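Build the full structure now, drawing on both the sequences and the hints.
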Amino acid sequence: MTPDNTTDSSAGRLLLAGLGWNTPGLAALIGLCPLLAVSTSFAAGLALGLASLAVLCSSNMLISALAPWITPRFRLPAFLLLIGALVTAVDLLFEARWFDLYGQVGLFVPLIVTNCLILARGESFAAHHGVWSAFLDGLGYGLGFTALLAGLGALREALAPGLLVAALPAGAFFLLAALVALRQLVVRRRGSA
Amino acid sequence: MNSGSREEPLIRHRAAGPRNLAALAVVLLLAVILIGGSWQSTRQRIADNAARQIVAQISLVLPGTLYDNEPNKDTVLKDTGGGQPLPIYRARRNGSPVAAVLTVSAPDGYVGPIRLLVGIAADGRVLGVLITAHQETPGIGAAIATEPPTWLTGFTGRSLTDPPAARWNLRTDGGDFDAIAGATVSSRATVAGVSTAVHYFATHRDEIFSTPSSPAATR
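Residue numbers (this note's numbering), protein chains in the order written: chain P, 647 to 839; chain E, 12 to 230.
Think of the hints as simulated: they come from the structure by calculation, not from any bench.
All figures in this text were calculated on a predicted structure; none of them were measured in a lab.
Please note that a few of the clues may not be correct.
[What the hints assert, rightly or not] Subject to a maximum C-alpha distance of 25 Å in a straight line, what follows is the list of computed SDA-like cross-link-like pairs (lysine to any residue):
1. K84(E) with E741(P)
2. K84(E) with S770(P)
3. K84(E) with W744(P)
4. K89(E) with P124(E)
5. K89(E) with L141(E)
6. K89(E) with A133(E)
7. K84(E) with R54(E)
8. K84(E) with A742(P)
9. K89(E) with D119(E)
10. K84(E) with T172(E)
11. K89(E) with T172(E)
12. K89(E) with D189(E)
13. K89(E) with T167(E)
14. K84(E) with D746(P)
15. K84(E) with G135(E)
16. K89(E) with S221(E)
17. K89(E) with Y78(E)
18. K89(E) with A144(E)
19. K84(E) with N60(E)
20. K84(E) with F745(P)
21. K84(E) with Y748(P)
22. K89(E) with D184(E)
23. K84(E) with R743(P)
24. K84(E) with G94(E)
Take a look at the structure:
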């Protein structure tokens with residue numbers, strides 16, 4: 647059931663699906679755990695965002711390539727196993743290459759497994775599309791998530807010296823709420839999501 | 012009971028055909044290759060990173076001119092009172108002991124334990140204090156670990172008898188050390204941690220330097 651049936655949708659459209667105002671972090675509040683815990687600085691947010699991006703792209707591609715052989719019955723354990731293995735690999739590479747940054751956000755890298763965005767993209771998109779489309783989809787959603795994490799981090803980092811609450815987890819909730827409100831405003835202005 | 016007339020069972024055992032099993036085996040194999048390969052290719056570098064970090068931390072609590080050995084490789088594990096054995100790095104010059112760096116875990120931080128490195132000269136005076144891990148509140152208790160570590164330099168030169176044991180406390184508790192404004196609990200835990208290190212060193216000095224280096228602690 648899998649040959650690439652999305653040749654009609656351009657690469658740009660695939661990429662943009664997960665970017666912009668419809669990025670699931672803002673639109674559906676998905677992946678909140680790392681979002682709130684790690685986004686204390688721009689660098690930390692960017693690092694965890696890029697780690698998630700790497701996992702999302704590679705899991706999408708692997709799932710897309712393997713989907714024809716995986717029956718619905720055990721697709722969940724198979725996908726989770728793949729995602730778990732990829733997260734472990736990214737975790738190890740991260741610790742080896744960016745040791746200092748890993749000290750700050752390392753605790754949250756294994757938690758990428760639990761980011762339902764990754765399984766959701768694998769299940770709902772990658773399993774029914776070609777490898778290239780799956781890659782673009784992962785790239786788009788990954789970039790959207792990275793932008794949100796890094797943006798929230800930059801905002802909290804900038805506000806923290808004068809506004810103590812911005813450095814605390816509660817501050818992440820407030821700022822995220824402000825971003826969600828801003829998104830609603832923009833989306834309503836346009837007339838549709 | 013004709014199996015054809017029954018309702019569809021929740022689990023169909025026949026679904027586990029050879030094709031499915033082969034696919035599952037491929038997925039498993041892929042996962043094993045991914046994890047094993049990345050572990051194999053990164054473990055040396057991760058170990059080097061950790062070693063480099065310890066060397067850098069030791070150099071922050073010991074003046075480099077003091078010793079000529081590699082303290083990160085001259086290590087023993089001792090329980091300094093926190094219930095778990097933590098590394099002590101020994102600094103020597105021409106083979107004779109000149110200082111040690113004790114790892115202590117101060118249990119009563121505001122959020123959790125505060126991990127400290129305390130460099131102590133052979134005569135029992137504190138050479139330097141570094142906070143290596145803590146979870147204190149950002150902007151409040153975390154001030155104990157801010158750069159530059161101005162507050163922590165207040166411990167330099169102190170020893171078991173300076174100030175006397177009863178005054179190894181915050182000023183608010185009748186001792187000699189200032190608390191950081193707004194961070195009394197974190198400051199108190201840090202003073203207690205340094206005090207533990209100084210006390211342990213004074214009472215176990217010979218044991219610390221004479222125990223053979225343990226490879227398990229050197230990693």
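Problem set entry | Distance restraint between K84(E) and S770(P), which requires alpha-carbon spacing of 25 Å or less | Violated, at about 52 Å.
Exercise. Is it true that the CA of K84(E) sits at most 25 Å from the CA of Y748(P)?
Worked result: 24 Å, holds
Exercise. For the pair supplied as a hint, K89(E) and S221(E), is the alpha-carbon distance within the 25 Å limit?
Worked result: 13 Å, holds
For this session: Below or equal to 25 Å on CA atoms is what counts here, so check K89(E) against A133(E).
Result: This hinted pair holds, its Cα atoms lying about 17 Å apart.
Problem set entry | Hint consistency between K89(E) and D184(E) [alpha-carbon to alpha-carbon, up to 25 Å] | Violated, at roughly 29 Å.
Exercise. Does K84(E) pair with T172(E) here, judged by a C-alpha cut-off of 25 Å?
Worked result: It is violated: about 31 Å lies between the C-alpha atoms, which goes past 25 Å.
Exercise. Does G94(E) lie within 25 Å of K84(E) when you go C-alpha to C-alpha?
Worked result: With a Cα-Cα distance of about 23 Å, the restraint between K84(E) and G94(E) holds, given a limit of 25 Å.
Exercise. Would the pair K84(E) and G135(E) pass a check requiring their Cα atoms to be no farther apart than 25 Å?
Worked result: Holds - the C-alpha atoms of G135(E) and K84(E) are around 22 Å apart, at most 25 Å.
For this session: For the pair supplied as a hint, K89(E) and P124(E), confirm whether the alpha-carbon distance does not exceed 25 Å.
Result: 18 Å, holds
Problem set entry | 25 Å Cα cutoff - pair K89(E), D119(E) | 20 Å, holds
Problem set entry | Straight-line alpha-carbon gap K89(E) to T172(E), limit 25 Å | Holds, at about 23 Å.
Problem set entry | Holds or violated: K89(E) to T167(E), with C-alpha atoms at most 25 Å apart | Since the Cα atoms of K89(E) and T167(E) sit roughly 23 Å apart, the hinted pair holds (cutoff 25 Å).
Hint violations for this structure: numbers 2, 10, 12, 22, all remaining hints satisfied.
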